[in-house]
Amino acid sequence: MVPYSDDEIITAIQNGGRELDKAMEFLYLHSPCREKVLTFVFSRNGSKEDAEDIFQDGIRSLILSIRGGKYRGTGSLQNYLLGMCKNLWFKRFQKIARDMKYQQEQIWKEQHTEDPEWILLEKEQEEELDSLLNALGDTCKKVLRLWQLSYSMKEIASELGYKSEGVARKKKRLCMKKLLEILDENPEIKNFLKKYY
Amino acid sequence: MKTDDYYLDLIEKYIERKDDQETQVKFEEELRKDQTLANMYQKYLEAEKVLELSAGQLLKEKLQAMQAQNQPKASIPLWRYGLLAAAVVALIIMIAGLGWKGDQVSREEMLETYIQAYAAGPSRSMGEKEGDWEMAAQAYSLKDYSAAIQLFNQVKPENPRFIESRFFMGNAAVLAGEYSVAIPALKQVIEAKDIRFSNAAQWYLVLATFGMGNETESQTLAKKILNDPGHPYRDISRDFLHDLDAL
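Each protein sequence line maps, in turn, to chains A and B.
Position 196 of the first sequence, counting from 1, maps to 196 under our numbering, and the rest follow consecutively.
Position 130 of the second sequence, counting from 1, maps to 130 under our numbering, and the rest follow consecutively.
In case anyone wonders, no lab produced these hints; they're calculated from the structure.
Note that beta-carbon positions come from the ideal geometry of N, C-alpha and C, so glycine has one too.
Among the clues, some could well be false.
[Stated by the list, open to error] Below, simulated PhoX-like cross-link-like pairs (lysine-lysine); rule was C-alpha separation at most 20 Å, straight line:
| id | chain 1 | residue 1 | chain 2 | residue 2 |
| --- | --- | --- | --- | --- |
| 1 | B | Lys187 | B | Lys224 |
| 2 | A | Lys172 | B | Lys43 |
| 3 | B | Lys33 | B | Lys13 |
| 4 | B | Lys49 | B | Lys13 |
| 5 | A | Lys22 | A | Lys142 |
| 6 | A | Lys70 | A | Lys194 |
| 7 | B | Lys156 | B | Lys193 |
| 8 | A | Lys154 | B | Lys13 |
| 9 | A | Lys22 | B | Lys62 |
| 10 | A | Lys170 | B | Lys2 |
| 11 | B | Lys49 | B | Lys60 |
| 12 | B | Lys143 | A | Lys123 |
| 13 | A | Lys172 | A | Lys142 |
| 14 | A | Lys142 | B | Lys60 |
| 15 | A | Lys194 | B | Lys49 |
| 16 | A | Lys48 | B | Lys60 |
| 17 | A | Lys154 | B | Lys62 |
| 18 | B | Lys224 | A | Lys141 |
| 19 | B | Lys62 | A | Lys142 |
| 20 | B | Lys33 | A | Lys22 |
| 21 | B | Lys49 | A | Lys178 |
| 22 | A | Lys70 | B | Lys49 |
| 23 | A | Lys178 | B | Lys2 |
| 24 | B | Lys143 | A | Lys141 |
| 25 | B | Lys2 | A | Lys177 |
| 26 | B | Lys49 | A | Lys141 |
| 27 | B | Lys62 | A | Lys48 |
| 28 | A | Lys190 | B | Lys43 |
| 29 | B | Lys60 | A | Lys123 |
[As the list claims (entries may be wrong)] Selected chain A positions facing chain B (in silico; Cβ < 7 Å):
| id | residue |
| --- | --- |
| 30 | Leu38 |
| 31 | Ala135 |
| 32 | Gln148 |
| 33 | Leu180 |
| 34 | Leu183 |
From just these sequences and the hints, can you work out the full model?
Right, here's the structure in full:
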């Protein structure tokens, strides 16, 4: 795979769709940060699964931060991603960190200035939002999430196996109408949003 | 009368064409004058925020798929390559067959657009003797619709959940493309007038008759839904009829 520069990664993520997929694949499989994150988690008694989970969530967090316009662009992207992964580790495995190397971690945490501007939803919050959106159905959820990540209608059609972009466009419209209805019928979603915006 | 589609078209054009000064000015003027548009735009922005928060889940799924693909794979026995080759040949024959039926493509596209699983899914088992029900519900949730059809079909008329089982059998049959199985089951649900399922059964019957190629009946059934002001499937039926006219 051709290496991406930081600017190319940022542009691909902002453009979304297949370009985002490729940049994400590069970050996940070929980023120099990968080994650093795995070593970081292993050295703090995390398992392989923990390390994978943290690295994947770091990438998600980076993507959402760039797409949400919250990425400030100071320093290298790899360092930023590493910082995000470390913060995610602290957040999720605070207890382990306290037990193992509390003082050392605390010093790092105090010195570290690049906190992620975009904090991922916690697993329980993701589940809560997902259940609020249950009435949408799996297909609609996927269509709308792909659209949110700037996939073109052609890409959505190909991803979901539709015969044409016209089908994808129509499906997206129906799903959006359904989502608007759900928002009307479930004021708790508005309360959920208030926590984040 | 301005429809939801009219407003959504305006909003999406406004959002997508940020560089088009004329569209921007026109929309903003309209926004000040038309309260319905203002309300719809507000809701649309909320929907975008919901999707922004929830898009992370799709990224996670994609990353997990990458992880699975990059794990060492067990070697595939040679006979499986034979099966794979046979499947590819069958697929090529199927695609070639479809190519001759040019008019089916747009009908299939319509079915792809409108057919979707019943979001609520079957309710869970409540008694010890409901093992079959549990299996049927599980097959449905795992999208094994052929198994779900068979298992729901085993529920006897004396079972208090008989109508529910007919509904999910009909629904699973629509999802599996077995429209001739779906139609009698859904009709039974409509005749039973069970308020929990009769509205949804009417909608799935529209799809099943359309899937069977009976467009006239499908149109009549969709119009019946459209003429019922409180019907929860009214809006989607309107879209369906619109697409049917355009076929």
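We went through each hint and held it up to the structure:
1. B:Lys187 with B:Lys224: holds (15 Å)
2. A:Lys172 with B:Lys43: holds (16 Å)
3. B:Lys33 with B:Lys13: holds (18 Å)
4. B:Lys49 with B:Lys13: Given that 20 Å is the threshold and the Cα spacing comes to 18 Å, the pair holds.
5. A:Lys22 with A:Lys142: Within the cut-off at roughly 19 Å; holds.
6. A:Lys70 with A:Lys194: OK: A:Lys70 and A:Lys194 at ~18 Å, within 20 Å.
7. B:Lys156 with B:Lys193: At roughly 18 Å apart (the allowed maximum being 20 Å), B:Lys193 and B:Lys156 satisfy the hint.
8. A:Lys154 with B:Lys13: With a Cα-Cα distance of about 18 Å, the restraint between A:Lys154 and B:Lys13 holds, given a limit of 20 Å.
9. A:Lys22 with B:Lys62: With a Cα-Cα distance of about 11 Å, the restraint between A:Lys22 and B:Lys62 holds, given a limit of 20 Å.
10. A:Lys170 with B:Lys2: holds (19 Å)
11. B:Lys49 with B:Lys60: Distance ~18 Å between B:Lys49 and B:Lys60 Cα, so the pair holds.
12. B:Lys143 with A:Lys123: Distance ~25 Å between B:Lys143 and A:Lys123 Cα, so the pair is violated.
13. A:Lys172 with A:Lys142: This hinted pair holds, its Cα atoms lying about 10 Å apart.
14. A:Lys142 with B:Lys60: Holds. A:Lys142 to B:Lys60 sits at ~12 Å (cutoff 20 Å).
15. A:Lys194 with B:Lys49: Between A:Lys194 and B:Lys49 the Cα gap is close to 10 Å, so the pair holds against 20 Å.
16. A:Lys48 with B:Lys60: holds (17 Å)
17. A:Lys154 with B:Lys62: Holds, at roughly 18 Å.
18. B:Lys224 with A:Lys141: violated (29 Å)
19. B:Lys62 with A:Lys142: Since the Cα atoms of B:Lys62 and A:Lys142 sit roughly 12 Å apart, the hinted pair holds (cutoff 20 Å).
20. B:Lys33 with A:Lys22: Cα-Cα ~44 Å, so violated.
21. B:Lys49 with A:Lys178: holds (15 Å)
22. A:Lys70 with B:Lys49: Roughly 14 Å separates the two Cα atoms, so the pair holds.
23. A:Lys178 with B:Lys2: holds (18 Å)
24. B:Lys143 with A:Lys141: holds (16 Å)
25. B:Lys2 with A:Lys177: Distance ~15 Å between B:Lys2 and A:Lys177 Cα, so the pair holds.
26. B:Lys49 with A:Lys141: Status holds; Cα separation ~14 Å.
27. B:Lys62 with A:Lys48: Between B:Lys62 and A:Lys48 the Cα gap is close to 19 Å, so the pair holds against 20 Å.
28. A:Lys190 with B:Lys43: holds (10 Å)
29. B:Lys60 with A:Lys123: holds (11 Å)
30. Leu38: A:Leu38 check fails; min Cβ-Cβ to chain B is 12 Å, beyond 7 Å.
31. Ala135: Constraint on A:Ala135 satisfied, holds at 5 Å.
32. Gln148: holds (4 Å)
33. Leu180: holds (5 Å)
34. Leu183: holds (6 Å)
When each numbered hint is compared with the structure, violations occur for hints 12, 18, 20, 30.
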